[in-house]
Structures are given as C-alpha cells and as structure tokens.
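Chemist: Given these sequences and hints, build the entire structure.
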Amino acid sequence: MTRRSYQRRGFSLIEVMVAMGLLASLIVGVAASQGDAMYRAVEVMNLTRATQVIEGVVMNIEEEYRTDGFPTNQVEARDCGDMLPRGFEVFDCEYDLLMLEVSGDAVQAMGADAMEKVNSSALMNTFCGPDGAAAAANIAGVCQQLQVQGGVGLPIELAAFAPLCDPGLSEICGVRLDKMCQNTSLITSFIPMIIEQAASSTRKLKVRISWGDEGMVANDFEIETFITAVPEAEPEQ
Numbered sequence: 002m003t004r005r006s007y008q009r010r011g012f013s014l015i016e017v018m019v020a021m022g023l024l025a026s027l028i029v030g031v032a033a034s035q036g037d038a039m040y041r042a043v044e045v046m047n048l049t050r051a052t053q054v055i056e057g058v059v060m061n062i063e064e065e066y067r068t069d070g071f072p073t074n075q076v077e078a079r080d081c082g083d084m085l086p087r088g089f090e091v092f093d094c095e096y097d098l099l100m101l102e103v104s105g106d107a108v109q110a111m112g113a114d115a116m117e118k119v120n121s122s123a124l125m126n127t128f129c130g131p132d133g134a135a136a137a138a139n140i141a142g143v144c145q146q147l148q149v150q151g152g153v154g155l156p157i158e159l160a161a162f163a164p165l166c167d168p169g170l171s172e173i174c175g176v177r178l179d180k181m182c183q184n185t186s187l188i189t190s191f192i193p194m195i196i197e198q199a200a201s202s203t204r205k206l207k208v209r210i211s212w213g214d215e216g217m218v219a220n221d222f223e224i225e226t227f228i229t230a231v232p233e234a235e236p237e238q
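Using my numbering, read the sequence shown as starting at 2 and increasing by one per residue.
Calculated directly from the structure, the hints in this document are not laboratory data.
Just so you know, nobody snuck in bad clues.
Okay, derived cross-link-like pairs now, SDA-like style, lysine to any residue, Cα gap no bigger than 20 Å in a straight line:
1) K180 x P168
2) K207 x D93
3) K205 x E95
4) K180 x A161
5) K205 x E64
6) K207 x V59
7) K207 x M60
8) K207 x L85
9) K205 x T226
10) K207 x E223
11) K180 x L170
12) K180 x Q145
Modeler: Now the structure itself:
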C-alpha cells in the first residue's frame, strides 16, 4: 500500500507582515473613530454648557447698564467672568458693547419714509383727508358708511375704527377721531427725533464664552443681540 503524505504549508514572512499591517491599519482606524466620537462628545457638552450660561450673562449685563445708562464710548473685549456661575471656572467670558451708527441722512430718510406712509394710509386719506384737516363732516360720513353700509366701498382696514364711531364708546375709551387725525401728522414729524433717541439708547451686545481646548474644532460660542438702557427717574423726595 502506498501511504499518502500531506504537505503542511505554513505562512511566509511576507504574508505575516502584510496581515499584521492590515490588522494594524484596522486597529488605528477603529481607535481614531472612537477618539473622534469622544472628541465630538466633549465639544457638544461644552457648547451645551456655554449655551445654558450665556443667557444669564446677557441678562446680567443688561441689568448692569439698565439703570446707569450706557457709556459714551464703545466697549470691547470686557471681561465678564465674574458673571459665570459656579462650576464654570474652565470657561472664559468677554463681551463687546457697540454703538449703533445711524447717520443723519439715514434718520431723515427714515423720517420722510414714515411720513409718506402715514399720509398715504387709508386712515389719513379717508378719515382725515390728505392734509390731515379732519373735517367733522368727513368723519361723520365715513362713520355712517361703516355703520350703516358695513364699510362697503371703504378700505378694509378702516373696519377696525368702526367701534370708535359710537360717541359713547369713544368717550369711554378717551379716543376722538378728529383729535387723532390732527395729532397723527404732528406725531409723525417727531419720528426722526425718536429714531435718534432710540439709537442712543440701544447698543449691539456681543457675548463670547470660550474654553481652553485648543484642539477642538470649536472652542468658543458667541451670541449677538441688542439691549436698551433708559435710566429710571429718581423717586421724588
């Protein structure tokens, strides 16, 4: 009988090295993926904590300037770390307080635009007349058309004024259509002054919360808003 012999063949050195290289690449890829996931988790956690605290910082800054008024100059990169609550020592806080730049030409243009819109409105043209004269006969005629004819033929937005055509209700509300017509143009003429006062009492606020992880894709969080400061009147003695 002939005995069959089986040749057992092992791995060559090159095959072993290739296999180890592939295995090493796989391990590196898995480790990198896990590391990136942990990295992102820390980033999300820091962004979440910064989002939670920044609203309180904005409220504290607004309260600080509300009673004392704004400085005449702009404030940039002012530290607000003392406004952070306990447990946020690893975070840094700073803010900018920027003045609103509104040119005189822009103010006049906005005032003229507001005047044009008021004068061309249904209220002024129908109730008050183009010049705001507010003739009593004109108001009476419009009120009759609103009450008796349901406002047929009138601009639809005038229906809101129909209740004021009732003398009793108008007296209770303290609103007289003729006086309203006379005062509308006068009030509109003050719009440029109102815009200037609003701009001087408003600031753009930028608050930045940052942390020290330099390797992070994002290691800061910034919010931009507007705050107003109108100092309260001193109580009478």
